[in-house]
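Asks: Sequence:
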Amino acid sequence: MPGDLSPRAPLPGDTEVDVAIIGGGLTGLWTAYYLHERDPRLTVAVLEKEIAGFGASGRNGGWCSALFPRSTASLEKDHGRDAALAMRRAMIATVDEVGRAAAAEGILCDYVKGGTLAFARSAVQRRAADAELTDAANFGVDPLERRGDTVFDPNCARVHPAKLVRGLARVVEARGVAIYEQTEVLDWQPHSVRTAHGIVTAGSVIVATEGYGATLPQTRRSILPLYSLMIATEPLSDATWDEIGIQHGQTFTDYRHLLIYGQRTADNRFAFGGRGARYHWGSAIRPGYDRAPRVFRHLRAALTDLFPAVADARITHTWGGPLGVPRDWHASVRFDPATGLGSAGGYVGDGLSTTNLAGRTLADLITGRSTAITALPWVGHRSPDWEPEPLRFLGSNAGMIAMSAADVEEKVTRRSSIAARVMGPLTGH
Numbered sequence: 029m030p031g032d033l034s035p036r037a038p039l040p041g042d043t044e045v046d047v048a049i050i051g052g053g054l055t056g057l058w059t060a061y062y063l064h065e066r067d068p069r070l071t072v073a074v075l076e077k078e079i080a081g082f083g084a085s086g087r088n089g090g091w092c093s094a095l096f097p098r099s100t101a102s103l104e105k106d107h108g109r110d111a112a113l114a115m116r117r118a119m120i121a122t123v124d125e126v127g128r129a130a131a132a133e134g135i136l137c138d139y140v141k142g143g144t145l146a147f148a149r150s151a152v153q154r155r156a157a158d159a160e161l162t163d164a165a166n167f168g169v170d171p172l173e174r175r176g177d178t179v180f181d182p183n184c185a186r187v188h189p190a191k192l193v194r195g196l197a198r199v200v201e202a203r204g205v206a207i208y209e210q211t212e213v214l215d216w217q218p219h220s221v222r223t224a225h226g227i228v229t230a231g232s233v234i235v236a237t238e239g240y241g242a243t244l245p246q247t248r249r250s251i252l253p254l255y256s257l258m259i260a261t262e263p264l265s266d267a268t269w270d271e272i273g274i275q276h277g278q279t280f281t282d283y284r285h286l287l288i289y290g291q292r293t294a295d296n297r298f299a300f301g302g303r304g305a306r307y308h309w310g311s312a313i314r315p316g317y318d319r320a321p322r323v324f325r326h327l328r329a330a331l332t333d334l335f336p337a338v339a340d341a342r343i344t345h346t347w348g349g350p351l352g353v354p355r356d357w358h359a360s361v362r363f364d365p366a367t368g369l370g371s372a373g374g375y376v377g378d379g380l381s382t383t384n385l386a387g388r389t390l391a392d393l394i395t396g397r398s399t400a401i402t403a404l405p406w407v408g409h410r411s412p413d414w415e416p417e418p419l420r421f422l423g424s425n426a427g428m429i430a431m432s433a434a435d436v437e438e439k440v441t442r443r444s445s446i447a448a449r450v451m452g453p454l455t456g457h
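Going by our numbering, the sequence shown opens with residue 29, and the numbers climb by one from there.
Read the hints as simulated data drawn from the structure, not as lab findings. The structure displayed is predicted, hence computed values, not measured ones. Possibly wrong hints are sitting among the right ones.
The following label-pair restraints were derived from C-beta to C-beta distances [as the list claims (entries may be wrong)]:
no. : residue 1 : residue 2 : range
1   : D42       : G408      : 42 to 50 angstroms
2   : I429      : G310      : 16 to 24 angstroms
3   : P412      : P218      : 51 to 59 angstroms
4   : G423      : L161      : 30 to 38 angstroms
5   : A426      : D177      : 43 to 51 angstroms
6   : P218      : W347      : 32 to 40 angstroms
7   : R222      : A165      : 47 to 55 angstroms
Where is the CB? At the ideal position from N, CA and C, for every residue including glycine.
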């Protein structure tokens, strides 16, 4: 368990710090962690509406992977080959950095670097696997390995996300970072953040709200909250896991278009999730949206289809939450030294590791350092705004339907989906 979930005290009133961070998820906490490493004299305050790790940072599928929302091929088109390869290498290195930092700080988050298994379960999916291997060979960065109808990528670790984010919060707090929970941010401007409990004056203000940015007036159009849901089984016997063939530390997926993702947990459960929940009008985020029985049934059926050995396993947990999607599916880190305003996010579900890279990058930018990671192509990137309603509602849900239809299309035609090909440029591929 991630420990005590009782909220910390809220902001007691007006205060002044060197850096104010809006959002107590992994982006904000990694930024605070590396800022303290860069300059322990800096005063840092993290402002969180709920509790640290309340959002996607504490609820995700536990993939600490080298995945970036935009593919390497897509980054090459937009930024050039050298920049694309630098981004990929930085993401691969980040997987190890998360493990190093967790071990160094004694954060027991079930980190095991076992890699990802991607199953090719049809002729169409095998062609997709072949294309991925060809791309990897072309770029010469990824040591992907073909294992029959499976592609193995070593650049991924299994993590318990809530243990990681709650442990990281305890570490930065012990270093002197102030974490104010139950503190709603109302708005911000250069050098000032207005909260429900007072005003924070700061040399730098960092916005790290991810999907929840859709609920704030200043970022409402810049991010779309897309729900992803998960289920967990009861613990399975070692004999069952031997039959299934997934080792501790391994994550898994396949080549369908409506994304699925899973892991073998430290206590021998399946934790399994996927997309399929609809976008809600006006980018609404509500607790009730975390529960979608239709999607949970779909996930159970998909898991059983993948692994018939779990057909009788009991589902013990169901949950979900919103992740953040920028209009061009391109995550970004930004900081303006003239105003002191900065931000990071738009991870599209690939944030468990990417947040760490964001935190290191922001720490370098805030302290005025020019480093290899501050030159990466996502630094300074600005995505276009999402369309106003009803276009946003219609387009987002049409895209979800198209991805589901693409999987059906491929089963029926046994050819690569036309719908997926049309949607590819809109989803970073």
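Asks: Against each hint, give a clear statement of whether it holds in the structure.
Replies: Taking the hints in turn, this is what the structure says about them:
no.: 1; hint: D42 / G408: 42 to 50 angstroms; verdict: violated, 32 angstroms
no.: 2; hint: I429 / G310: 16 to 24 angstroms; verdict: holds, 19 angstroms
no.: 3; hint: P412 / P218: 51 to 59 angstroms; verdict: violated, 23 angstroms
no.: 4; hint: G423 / L161: 30 to 38 angstroms; verdict: holds, 32 angstroms
no.: 5; hint: A426 / D177: 43 to 51 angstroms; verdict: violated, 32 angstroms
no.: 6; hint: P218 / W347: 32 to 40 angstroms; verdict: holds, 37 angstroms
no.: 7; hint: R222 / A165: 47 to 55 angstroms; verdict: holds, 52 angstroms
Violated hints, in rising order: 1, 3 and 5; the structure is consistent with all others.
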